[in-house]
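Q: Next come the chains, spelled out residue by residue.
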Amino acid sequence: MSRAYRIRISETLERVVHIEDGVATTLEILPILPKERMQGLLAQELAAAGLTVEDGVARRVTQTDEGEVTLAVDVATGEVSVRVTRATDIALKTTRERNVAEERRVAAAEQLQKEARAALEADADRAAEDARKKATARLEAELRDARSELDRVVHRVTAAALKEKAAQLGDIEEIAEDEAAGVLTIRVRV
Amino acid sequence: MTAVARVQPGEHDLLTIVRALFEPRQHAVVAPLVRTARPLGNVAGATIGRSSMGVLKDTLAKGLVRMIARDVASSLEPLPRAPLLHLSAGSFRFLHWLCETPLAAPKAPALPDDDAPQTLADQLLIVLGLELARSAAVLPTLLAQPWVQRAPLPWLFATDDFAGLPMPTLSLDLDAVALFPRTLSDRLQVVEREKARMTAPVERARVGRAQATLLESLVPAAIARGRWDSLRFLLDGVTPLLSAEPTVWAAPLDPESPLSARVEARRLSVSPLRAVCTIGACHARLRLVGFVDDEYDDAQKALRLLAPWQDVFARAELAVRAADGLEDL
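Protein chains in written order, with the numbering used here: chain L, 1 to 190; chain P, 1 to 329.
No lab work stands behind these hints: they were computed from the structure.
Built from N, CA and C at the ideal position, the CB exists for glycine as well.
Don't take every hint at face value.
[Claimed, not checked] Some chain L residues flagged as far from chain P (calculated, every beta-carbon gap over 12 angstroms):
id : residue
1  : Glu11
2  : Glu20
3  : Val23
4  : Leu30
5  : Gln39
6  : Arg60
7  : Gln63
8  : Glu103
9  : Gln111
10 : Leu120
11 : Glu121
12 : Arg132
13 : Ala137
14 : Arg147
[As the list claims (entries may be wrong)] Between beta-carbon pairs, the in silico distance windows are:
id : chain 1 : residue 1 : chain 2 : residue 2 : range
15 : L       : Ala118    : P       : Glu194    : 31 to 41 angstroms
16 : P       : Pro166    : L       : Tyr5      : 30 to 40 angstroms
17 : P       : Thr169    : L       : Gly170    : 58 to 68 angstroms
18 : P       : Arg134    : L       : Asp125    : 27 to 37 angstroms
19 : L       : Thr64     : P       : Arg25     : 52 to 62 angstroms
20 : P       : Thr199    : L       : Gly40     : 28 to 38 angstroms
21 : L       : Glu115    : P       : Pro166    : 49 to 59 angstroms
22 : P       : Thr199    : L       : Ala167    : 48 to 58 angstroms
23 : P       : Pro140    : L       : Arg152    : 28 to 38 angstroms
24 : P       : Leu303    : L       : Leu30     : 25 to 35 angstroms
25 : P       : Asp115    : L       : Leu92     : 35 to 45 angstroms
26 : L       : Gly170    : P       : Gly325    : 32 to 42 angstroms
The following block holds chain P by itself, in its conformation from the complex (with noise of 0.2 angstroms):
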């Protein structure tokens, strides 16, 4: 018989709403705790039972390990190196704070950051937390936080939340990128339907400036590395959308706006595909390659990996010259 771990009430509530990050199912569960304050008794960082950090552990470890093998599965590349997933001192005060802050509350305490440097998994704890913060209404309180603001990552997953605060320099770290090219096509996918329902020119242009800052730094840097893989979740995200609902990029903003603030949210608004006309224009280059070239086995092995969305490169291109000449205003 496997016996069972005993734990304090707070830091059953620790483990639930920890258990809930990676069981979307759950959120709704664990909202009412998220949004109020609770006692915790003894569960800080330091003073977590026994049994309680084990069980937090291999939560933690089994979420984040699924997580990326959920994406890892649908993936035909095999994966560059295994990716080292490390939470740092931070990720255990986030929880914590996520656990016994009244994030509902109109001046809610803020979550301490030492400048730390985040790993991937603190990052990917930060992401969750916020996909359960959206769920419990308490989104505005976690993108405030410093600790979660400075995070590279989490900008790329939700680049609407993020949509409007002021954008830290930020790296992307290509490895991490090409980890999720299924869960950032869906996101992409979910974030140009958003904005398209966005009528208010001001709004879709604040999605569509944060996706541009973010994209004009990870495709050229991606390109300059062969990183191929990390720039799959961009073609796969807005290949179907170009085939089956192009309108995404065409819909109707407030006709009694501005004509000047329509044109520059139609022209931001088509910044996935603007990434994707640049793609498109190594992709020209690279045929141009001849066999007698130094880089002509790169190019090909390029070529050959950028096979499956030659198409939509002048899709995206048509879509974007529409978005540039005022059509559809």
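Chain L with its partners taken away, still in its complex shape (with noise of 0.2 angstroms):
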């Protein structure tokens, strides 16, 4: 008669998963100044809003619990990117065991150690889908208020453009601004 085993496997996972997600879409600014102008005025709204600019590209780097979050503007393209990355650590430990017949042994051990590695294997996926998905909803979020953002950026430069645009065509007598709601008035002596 065989005798009994008790056979017990532990299995340990450990895996750095990068996350990144991310959008991009252009910024629609009314050619109303020469393009180099209005790149300048771009470049000088951004920087006005805290990002910094360098080899023409407007940058702010966010760090969150989610993830490092970059805001990019192009500024001669207009071309604007929100994206955001982590690198997370998965460490995942699990136990299996079983009671199995002696002549068993050697096949069992291999099977549970199987099972153990298919289980955390399912278990990283799960989390690192579980991070993906926390990063999304964070760069969602930081898209809303790039967006709001970035609509007062262009709603700014399209003014100081409008301002430049009136002073080359007379001498500039009054502006009436009201940025909540969006309305310039400029009176101007031609």
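Hints given; two lone chains; assemble the complex.
A: Here it is, written out as structure tokens:
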């Protein structure tokens, strides 16, 4: 008669998961002044909004619990990208036990190890997907904020460009501006 | 009294399937025939009986002409030229295979393909075969056949079915496309509504990508040749949707999926509208052609033809801008 064995297998899994999600769109800027001047005004307003302008790209990086969020605006093309990236360490451990007959000891140990590894892989995939979902939720929130912030930047660029254009046309007599309502009235004597 | 043609039982099955190709209401009746294998006796291309061949040719000729006539009747434009309907040997192989192969089997025998050119009639038969296969739930088997995959017109008729398959280099025949303004516009609307029901970004993007590839080749070719008649299906197809169901292009996607995937799906899903914008941009250029310019007469003719859709161009552009501007995510 064969003896019964209790087999216990411990398996660990360590993995670094890189999560990335992001979107890109383009700012719509009216060509009121020559292209270079419009780009200059855009760079100026983006810097005023707290972005760092370097090599023609205005950028702001924010560290959050869900990852690093980067808002980047290409000043020349007006292309905006909002991206979240995160490298997360996943460390998981599991234990499996089973009672088997002596003659099945080796095969059962292998089987248990395989099952433990598969369970850990599935848990790691779930953990990575959870982290990705959180990062995506953060990205959506950042995108909403970025959209309204960039809308304000575009309005300010347009207003500044209109004032410059008006000054080129004649003497500005009066400027009435209601930024909240998005209304700008310029009276010019030509 | 009319003499009744006598045919073998196997030949009867073949004729029943062929007749059902032209009668969608018969699809349910012949679906079991299409799904299973049947010994067809002497039904092989070369040995089909004379009576059966006569009935087969008559059914195909009348069916194909009726298929075209239905669309032509809805068109106000005269046909640019009468289409030549010639079925090649490949079509008879296709019908024989459709009849004899157990299409529901996990590994159905492949349809032989000799790489011979396909005629308009060959391609229409494939379109009809795909409709029957959809009803009989054996579509993947048909779509897997090289004879089916390399036919350009079926890709336009059933873009959603082909989506995801590697698209060969397709050259759409503008004459052929112009023959089906009504059917193609109806199909486009079906596809757009289907697409809106897809919540997985990857699925919606797949269909949108296939549409984009097809329309990016069709629209510039049609514009370059002044073949506005071959674009009518597109304009007719999107017009009622833009007026009454504009949300088909902004339908919600799985909110838990990556934002990048949702944005891509949203942008690809407006592919038909991007194609309409291309026509709209051409329409705007045509309006600038002056009376003293050489192209004035052609431009005026095109503008008259496009007049019914001039409001559609602006609405399509707004919808495309909404998709590109990351709205309604």
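Q: Hint by hint, note whether the structure agrees.
A: Outcome of the hint check:
no. : hint                                    : in the structure
1   : Glu11                                   : 29 angstroms, holds
2   : Glu20                                   : 8 angstroms, violated
3   : Val23                                   : 5 angstroms, violated
4   : Leu30                                   : 15 angstroms, holds
5   : Gln39                                   : 21 angstroms, holds
6   : Arg60                                   : 18 angstroms, holds
7   : Gln63                                   : 19 angstroms, holds
8   : Glu103                                  : 39 angstroms, holds
9   : Gln111                                  : 30 angstroms, holds
10  : Leu120                                  : 23 angstroms, holds
11  : Glu121                                  : 21 angstroms, holds
12  : Arg132                                  : 7 angstroms, violated
13  : Ala137                                  : 9 angstroms, violated
14  : Arg147                                  : 7 angstroms, violated
15  : L/Ala118 - P/Glu194: 31 to 41 angstroms : 37 angstroms, holds
16  : P/Pro166 - L/Tyr5: 30 to 40 angstroms   : 53 angstroms, violated
17  : P/Thr169 - L/Gly170: 58 to 68 angstroms : 59 angstroms, holds
18  : P/Arg134 - L/Asp125: 27 to 37 angstroms : 35 angstroms, holds
19  : L/Thr64 - P/Arg25: 52 to 62 angstroms   : 59 angstroms, holds
20  : P/Thr199 - L/Gly40: 28 to 38 angstroms  : 44 angstroms, violated
21  : L/Glu115 - P/Pro166: 49 to 59 angstroms : 38 angstroms, violated
22  : P/Thr199 - L/Ala167: 48 to 58 angstroms : 53 angstroms, holds
23  : P/Pro140 - L/Arg152: 28 to 38 angstroms : 52 angstroms, violated
24  : P/Leu303 - L/Leu30: 25 to 35 angstroms  : 29 angstroms, holds
25  : P/Asp115 - L/Leu92: 35 to 45 angstroms  : 54 angstroms, violated
26  : L/Gly170 - P/Gly325: 32 to 42 angstroms : 35 angstroms, holds
Consistency note: the structure conflicts with the earlier hints numbered 2, 3, 12, 13, 14, 16, 20, 21, 23, 25.
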